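Asks: Chain by chain, the residues:
There are 2 protein chains.
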Amino acid sequence: MDFFFYVGSLYSYLSVMRIDDAAAEAGVEVRWRPFSVRNIMIEQENLPTANPAKIAYMHRDVVRRAERLGIPIKADMPHPVDPEQLANRVAIVAAGQGWCPQFTKAIFANWMQRHDRPGDLDQLKALLTELGQDAEAVIAEAESDKARQAYDAETDAARKLSIFGAPSFVVGNELFWGDDRLDDALAWAQAN
Amino acid sequence: MDFFFYVGSLYSYLSVMRIDDAAAEAGVEVRWRPFSVRNIMIEQENLPTANPAKIAYMHRDVVRRAERLGIPIKADMPHPVDPEQLANRVAIVAAGQGWCPQFTKAIFANWMQRHDRPGDLDQLKALLTELGQDAEAVIAEAESDKARQAYDAETDAARKLSIFGAPSFVVGNELFWGDDRLDDALAWAQAN
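Just so you know, the sequences run in chain order V and U. The first sequence begins at 681 in this note's numbering and counts up one residue at a time. The second sequence begins at 681 in this note's numbering and counts up one residue at a time.
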């Protein structure tokens with residue numbers, strides 16, 4: 681199963697924190713794929729920025745869902761964050777090197793539990809160092825054309841799968857959108 | 681618990697068909713409130729009409745969810761329907777007379793299972809007659825200023841509760857959006 685997420689999507693947090701256990705229980709393998717849902721939503725004029733009622737709801741709902749799922753969270757998360765999408769490009773580098781889940785969980789946890797902004801250079805370096813990475817080298821690679829192209833390629837792959845939001849789960853040609861479809865997607869993967 | 685729905689919202693179908701059983705099991709009383717989510721979404725520039733990927737997804741997802749929930753459905757439902765929102769005004773009349781759930785389930789079932797368009801006058805009359813109502817009298821009342829004002833008042837109540845989509849569930853000040861939040865809303869109603 682492909683797991684498309686975006687460091688910057690509030691609802692992606694819930695899936696990031698629970699997908700490993702849920703997938704293991706279902707016996708389903710997961711590929712973590714960071715992509716720019718932001719660019720896609722801008723193209724589709726689908727950003728909720730003009731809709732204060734919906735934004736307020738999303739914040740409240742994510743907190744309520746996290747509490748229901750037993751996932752730590754602190755309300756009033758900063759959002760939107762990381763206009764350069766640097767944290768997502770680091771996630772792309774991490775995916776190429778096999779430590780994407782580890783990095784993604786850590787940066788989301790810092791964002792949603794401590795209100796550290798993804799993309800903030802100081803916290804990014806500290807976090808990479810904690811994960812045993814060469815922080816300067818990783819960030820240099822995340823800023824390279826190669827990482828930018830790889831990120832664009834993943835976004836393009838998402839576009840071709842008709843993905844319009846994050847998180848999304850893809851099993852064959854079947855698309856599931858939203859953390860609240862994680863269980864449906866895993867059941868689909870098991871049955872097909 | 682207040683149940684805000686719209687005859688014309690694909691996802692409202694799922695809640696319409698299962699809310700009575702789910703609420704009875706939870707011991708929660710439900711008030712059925714038809715309102716114009718369409719007018720609210722137009723005001724908020726939140727109609728997905730410009731987003732073919734999202735529309736295609738919604739159709740597929742509703743069918744998949746219905747199958748998972750054991751609710752009959754036939755794919756390729758006509759949508760959007762009933763530009764005059766006549767079926768919703770009939771639902772308002774029905775709410776005033778105590779037969780709103782009965783009418784709403786019947787019109788949604790015809791729409792989603794047989795592809796009858798809500799608002800089509802012939803099927804509306806047949807359905808009202810089947811329900812033991814005086815079809816001509818009910819439709820005349822649904823076209824009256826009184827029914828239009830009552831419908832606008834319910835839409836206004838929804839607006840004041842910060843509702844931006846359908847179905848929505850409200851318990852006190854707590855808003856839940858989407859059929860996939862029905863269980864959360866009922867659990868909230870039980871606990872609070």
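Since the hints were derived computationally from the structure, they do not count as laboratory data. Be aware that a few hints might be false.
For identical chains, the list gives no copy identity; a pair is met inside one copy or between any two copies.
[Said to hold, decoys possible] Below, a list of computed lysine to aspartate or glutamate pairs in the EDC-like style, where the Cα atoms sit at most 20 Å apart:
1) 734 x 836
2) 734 x 860
3) 826 x 764
4) 840 x 796
5) 754 x 825
6) 840 x 741
7) 734 x 682
8) 754 x 810
9) 826 x 682
10) 754 x 764
11) 754 x 814
12) 734 x 705
13) 840 x 814
14) 785 x 705
15) 754 x 854
16) 734 x 864
17) 805 x 823
18) 785 x 709
19) 734 x 700
20) 734 x 854
21) 826 x 864
22) 826 x 854
23) 734 x 764
24) 805 x 682
25) 840 x 825
This structure is a prediction, so every number in the text was calculated from the model and none was measured.
Asks: So which of the earlier hints does this model not fit?
Replies: 4, 5, 8, 9, 10, 11, 12, 13, 19, 21, 22, 23, 24 and 25
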